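Peer 1: Chain by chain, the residues run as shown.
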Amino acid sequence: MPVLEVRGLQKSFGPVTAVEDISFSVEAGEVFTIIGPNGAGKTTTLEMIEGLVTPDGGTIGFGPLTWAKNSEQIKVTIGVQPQSSALFDLLTVEENLDLFATFYPKSRPTAEVLEMINLTDQRDKHVKKLSGGQKQRLAIGLAMINDPTMIFLDEPTTGLDPQARRNIWDIILKLKELGKTTILTTHYMEEAEKLSDRVCIVDSSKVVTLDTPAALIERLTKEREVRLALLDGEAAAIETEKVAQMHASVVRTERDGSSLKLWSTQPEDTLYELFGFTKDKGYRVEQISIREMSLEDVFIAFTGKEWRD
Amino acid sequence: MNHSKQFSNMFVAQIKMMFREKQVWFWNIFFPVILMVLFMIIFGGSSSSEFKATVAVADPQPNASSAMMLEQLKQIPVFEFKEEQPVSKEQGAEWVEQKDIDALIVLPDSESGAALQVIFNKENEQGASAQAISGILDKFVQQANLAAAGAEPAFSLTTESVSSGADDLKYADFLLTGMIGLSVAQGGLFGMVELVDMRKRGLMKRLRMTPANMGLYGLAGMLVRLLLGIIQIVILTLIGVLGFGANLHINVFSLVVAFVAGGLVFNAMGYLFSSLSKTMEAYMGMANIASMLMMFLSGVFFPIETLPAWLQTVPKVLPLTYFVDGMRDGLIYASGVASASFWIGIGIMLLWGVVAFLVGSQVYKSKSIAATR
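One line per chain: the protein sequences are S and C, in this order.
Its first residue numbered 1, the first sequence is counted upward by one per residue in my numbering.
Its first residue numbered 1, the second sequence is counted upward by one per residue in my numbering.
Calculated directly from the structure, the hints in this document are not laboratory data.
Just so we're clear, the structure is a prediction, and the values are computed from it rather than from any experiment.
Since no wrong hints were added, every one of them can be taken at face value.
Computed beta-carbon distance windows for the label pairs:
hint, chain 1, residue 1, chain 2, residue 2, range
1, S, Asp269, C, Gly202, 46 to 56 Å
2, C, Met292, S, Arg166, 49 to 59 Å
3, S, Glu112, C, Met214, 21 to 31 Å
4, S, Ser25, C, Phe19, 45 to 55 Å
5, C, Gly202, S, Asp170, 19 to 29 Å
6, S, Ser25, C, Asn288, 46 to 56 Å
7, S, Thr59, C, Val12, 38 to 48 Å
8, S, Ser84, C, Val234, 36 to 46 Å
9, S, Lys174, C, Lys22, 35 to 45 Å
10, S, Glu72, C, Ala282, 27 to 37 Å
11, C, Gly202, S, Lys174, 20 to 30 Å
Straight-line alpha carbon distances no greater than 20 Å define the calculated EDC-like cross-link-like pairs of lysine to aspartate or glutamate that follow:
hint, chain 1, residue 1, chain 2, residue 2
12, C, Lys365, S, Asp56
13, C, Lys5, S, Glu72
14, S, Lys279, S, Glu241
15, C, Lys22, S, Asp89
16, S, Lys129, C, Asp197
17, S, Lys129, S, Asp89
18, C, Lys16, S, Asp124
19, C, Lys16, S, Asp98
20, C, Lys16, S, Glu94
21, C, Lys5, S, Glu94
22, C, Lys5, S, Asp98
23, C, Lys367, S, Asp56
24, S, Lys128, C, Glu21
25, S, Lys125, C, Glu21
26, S, Lys129, C, Glu21
For glycine and all other residues, C-beta sits at the position ideal for the given N, C-alpha and C.
With the sequences and hints as input, model every part of the structure.
Peer 2: Written out as structure tokens, the structure is:
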């Protein structure tokens, strides 16, 4: 039974439709990522699920609990890190955690949370003196202070440098180890691919597709880009290109000097044949790569849009 | 959930936030102190000490009348003579020019029916001292005339200022209590900018996602501001009493009633401003207009009676008028809570508070804060 079930969610702000039709369900313990460009309706969807915005239509159920009947119970079982970190700037890290802890009937010990978000050394620092990544970690810490079973993270890594992003990924993976259900939104494909059990692509206020990252990539055309470079000059490359073009699974080739690019529906077979040829001729080959399809390709394939951060 | 524990934690957290904010110290403590000290120095001097004028006498052609007048002038207590003996007219005129003396009195040069002349510096001609000296001398001449005619004056005028309570009320007391009223009021009017700030930074939303009791949070914030008000009262009073010799006659009960009522009213007005403003700038604009208008119309620096007659009805509807009055009742008049005007004042203030609060919460509701982010 899903721990969160969203059906036919709709929301308009005046003439602007923020969410047109969004449905999905989330299973206990998974990392569920909603991905999509700015303005796709990610944040509005989250805010409806978090009980901040009342939907115009559709239903939201936390198992048997709904916002209309069980808002206090739901608030206790979820933890939220909103997009704007929303911290008390003039309090220290520890004071922020302690203050939020008193809002809940039961809470996780502050020291434990500090440890998880790796801010133990900064516990006495005022929030306004923290770096962006530290603030974001504190915001996640506040979302964990009530030891919730479900955690919402709204673009936790936007605007952070790569190291700070990795620190946040570590926290998300720790949450998963603890068996928490995490609902994440992000701009970054890499992040969705790395962290999520399932990815929901949202565009223009609707769900475009929803599946595991691997399955989504699998569903794309089988054509893969293969690159190789020959060490024996242009003539050898031209010859090899001709051989590749004769292979049935090769759709297209491209040559730049002695480097070749080819697109094949069966890249392993194509390479096997090419290596047979180059071995016979005694050509030396280096820098062979088969480019993995990424969620970025998935996104482009499903939305027809160029990806932009 | 343990409400009292939640409340005390919220209270402590908000105290920390308030006192760690340098702006709070500046606007609520230093600024009112500076303003009060300036006003005390500029306007407090002349009325807090007795009137004295330094004069000199010239007697160009000594005669019987002038000798007698000189004797009598010396009896007037407010005149201090730079030289016991008459000086030359030129010497005296020079002193006047250099402002060494306030006036030169030139005695009549013949025994009968000649003029008594007074020379002032032109710059000071309209000043209080010049007016007073003229008045005194005018009366002096009248008496001299009566004496010359051999008549006894039938009527005389003695002037004495009174205030409703203690008889040693001075401008320092008036200004001190006005400033206390003003700064406590401003604490409320400006303090609620915090709500706009919290809304802008998403903290309001964040708190609404927790089971936190927002009513308790607001109440804790209100108490913190009342605490700040008490600190303002203590600091301003100490400076007023120790630095400027203000006299207090405290009635604790009426002071507490007026203070709490004022705290609530100006917080409620701040709350209304916060509901109407999307940005902190908008809030500050509204609070500034309200505080400026009331500052000059509510008898903070000068009694309302000094306003032009047509303007005197305005202070009668402003809450700050009654708050400052309440502070004065409690701090310097020591008038109890028995008077009807005290309760009418409290009533008018509370009416403002209730209306501001109700309108504010209605605006908040109709805007559905979540949608306005």
